[in-house]
Structure formats: structure tokens, C-alpha cells
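Asker: Kindly produce the complete structure, drawing on both the sequences and the hints.
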Amino acid sequence: MGKKGDLSNFERGMVVGARRAGLSISQSAQLLGFSRTSISWVYKEWCAKGKTSSMRQSCGGKCLVDARGQRRMGRLIQADRRATLTEIPTHYNRGMQQSICEATTRTTLRRMGYNSRRPHRVPLISTTNRKKRLQFARAHQNWTVEDWKNVAWSDESRFLLRHSNGRVSIWRKQNENMDPSCLVTTLQAGGGGVMVWGMFSWHTLGPLVPIGHRLNATAYLSIVSDHVHPFMTTMYPSSDGYFQQDNAPCHKARIISNWFLEHDNEFTVLQWPPQSPDLNPIEHLWDVVERELRALDVHPTNLHQLQDAILSIWANISKECFQHLVESMPRRIKAVLKAKGGQTPY
1223 MGKKGDLSNF
1233 ERGMVVGARR
1243 AGLSISQSAQ
1253 LLGFSRTSIS
1263 WVYKEWCAKG
1273 KTSSMRQSCG
1283 GKCLVDARGQ
1293 RRMGRLIQAD
1303 RRATLTEIPT
1313 HYNRGMQQSI
1323 CEATTRTTLR
1333 RMGYNSRRPH
1343 RVPLISTTNR
1353 KKRLQFARAH
1363 QNWTVEDWKN
1373 VAWSDESRFL
1383 LRHSNGRVSI
1393 WRKQNENMDP
1403 SCLVTTLQAG
1413 GGGVMVWGMF
1423 SWHTLGPLVP
1433 IGHRLNATAY
1443 LSIVSDHVHP
1453 FMTTMYPSSD
1463 GYFQQDNAPC
1473 HKARIISNWF
1483 LEHDNEFTVL
1493 QWPPQSPDLN
1503 PIEHLWDVVE
1513 RELRALDVHP
1523 TNLHQLQDAI
1533 LSIWANISKE
1543 CFQHLVESMP
1553 RRIKAVLKAK
1563 GGQTPY
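Okay, so the sequence shown: first residue is 1223 according to my numbering, each after it adds one.
Think about it this way: if two alpha-carbon atoms lie no more than 27 Å apart in a straight line, the pair counts; the simulated DSSO-like pairs of lysine-lysine are:
#1 Lys-1474 with Lys-1371
#2 Lys-1562 with Lys-1371
#3 Lys-1371 with Lys-1353
#4 Lys-1354 with Lys-1562
#5 Lys-1474 with Lys-1353
#6 Lys-1371 with Lys-1556
#7 Lys-1556 with Lys-1395
#8 Lys-1556 with Lys-1541
#9 Lys-1395 with Lys-1560
#10 Lys-1354 with Lys-1556
Honestly, the hints are just simulated from the structure, not real lab data.
Answerer: Structure, rendered in C-alpha cells:
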């Protein structure tokens, strides 16, 4: 089979050399592996014009955005990642002799490697908390998956009946997903819907507890004594387990700290860095629940139905799913070290 696509200048020279050596079109095609048509056209062009270079690159319309223009467009993108296809050519055309349209802008951006994507949503991390995250990562950089199997993860999450679509798009290249200018920071905030507290470890899913009101220290103490304590003593009877919780105010209350001190001979509370949802694998379980809720054929119409759906989805999360999340902990720690305590892709 002959070669597909245009021949290089070297390959065209080989064709001319073979024909001038006395080989026929068929013999040249068999020797070089090109089609008989290619052999014929290349040699005919050489005989007529004395050239072996392809003229195909000069075909088509002239590119309106040269290398200098691409650098100019790149600076515009770097200055405003959220610029739309309407805004980019408007800014680009200022002071330019030849203006471009949206279609040319889109083609140029794709040629430069840019695509419109939704930015990663990451927590806003202060300088102090970056240092604490980095300290935590350094302290646990030698932990293996076997070590992380001894940790029970916990968190609260709220699920809404209705969702607002506040989508924002930015222009970025494939390897710029974690560039600071390509991120959208988020802050924790309340909302409507159903709030739940859950926990799990590598060994099994733990309980999922609906919270019918605002979680305060008294309510959290009931959860700790009724659910955390039996889970930890059952899963880690040798008292080698670690319980993870974030730094929410109710978690740090005096009555909670005193309770954990009374039971420090049964398990250890993991010292958790603030603003670190990317290090907590349970966050990905909340994503699983959220996706399954959105994929339901019949969506909940009231809070009672929503709560039942959440409990059902949680109970059916596969073992492979949550075990894989725990096994990702060494990679998460490395990502924090690489980011020097900053945001990671997790």
C-alpha cells in the first residue's frame, strides 16, 4: 500500500533519483513503498519545474494572526482568563491595522492550545494555613497505604433540592488546570436542603447520620458518643486507629475535646490542617452521592424524599470506590508537598 499524505522533500528526492536511475513507475513504487500515482506526479513535476519541494504549504488563505499576533493574544488571555470570544477580538483589534472576527479568534486559540473549560473550584487558603498544610504533609510523607488504612474519615455535607448553575468558563491550556489564574476559590457557606454527617475507613462504610438542625457542640457530642466510639472500637480493637475530623467550631468545642481525652486510650484524633478538603477522601464520596442524586430518574420533590435517596445511595457505594480513595492518600500528600501547601487537583 502506498504512503498516505504528502511526501517530504527528502522522499520526493528519492522518487526522482529512482526514476532517473532507470526504474519504472511500478518498480519505484515497489522499492520506495509509495503509490504509483505519487511516483508519477512527483517525477512529472520535477521534469516540468525542476523542483522536489512540495508547494502544498502555500495553499489556503493567509493566516491573519501571525506569531506576533499570537503572543499578543496570549497576553490578553493571561490578563483575563474569563474573557469571552466576543471580548477577546474586541481587545485584540485595538490598535491593529487588520481586525479579526470571533471565528478567527477561536481558530487561533485552538492552534495555540487553549480551550474553554470550567475552572477548578478550590478553597481559599491563607498563608498561615498553607504552612500548616505543608507541615502536615511533611509529617505524613512516609505513611504508606497500610498506615492510612488505620484512619477513619468524617465530615458533614449539605445536599440541596435545587441547584443554581453559576458556571464560569476560562481559557487555559491542557497543563494549566492548577494555575492560580485558572482557579475559582470557594468559601464554606450554608444553604437549604438536607445536612448529613458520615464516616468511613478503608475497611467499611460507617454510619450516615441526618442532621435535622444546625450542628452544634451538643449535637456533635451525641454523634461522637453514639457513632464514632462504637465504630472505632469495632474497627480498631487494638487501639491503633485514628479518627479524622476537620476544624469546624463544633469539633473544637471544649466538651468535645474533653470527651476525646477521656477515650484517648482507645483511638487517636488525627491533628488535621485547616482548609484541607482536598486531603479528605470523604469529599469524593459526597461527589458520588451528588452525581447519583442528579442521575435519578425521579428526582426528590421534598426534603424527606431527598434524605431517603441520600441514605440509599450512601449504602450502595461500592467497596472498591472508597478503598481506592484511601489508597490515593500518598499521592495527595505528595501533591501538597509539590504545591508547598497550596491548592492541589484533588
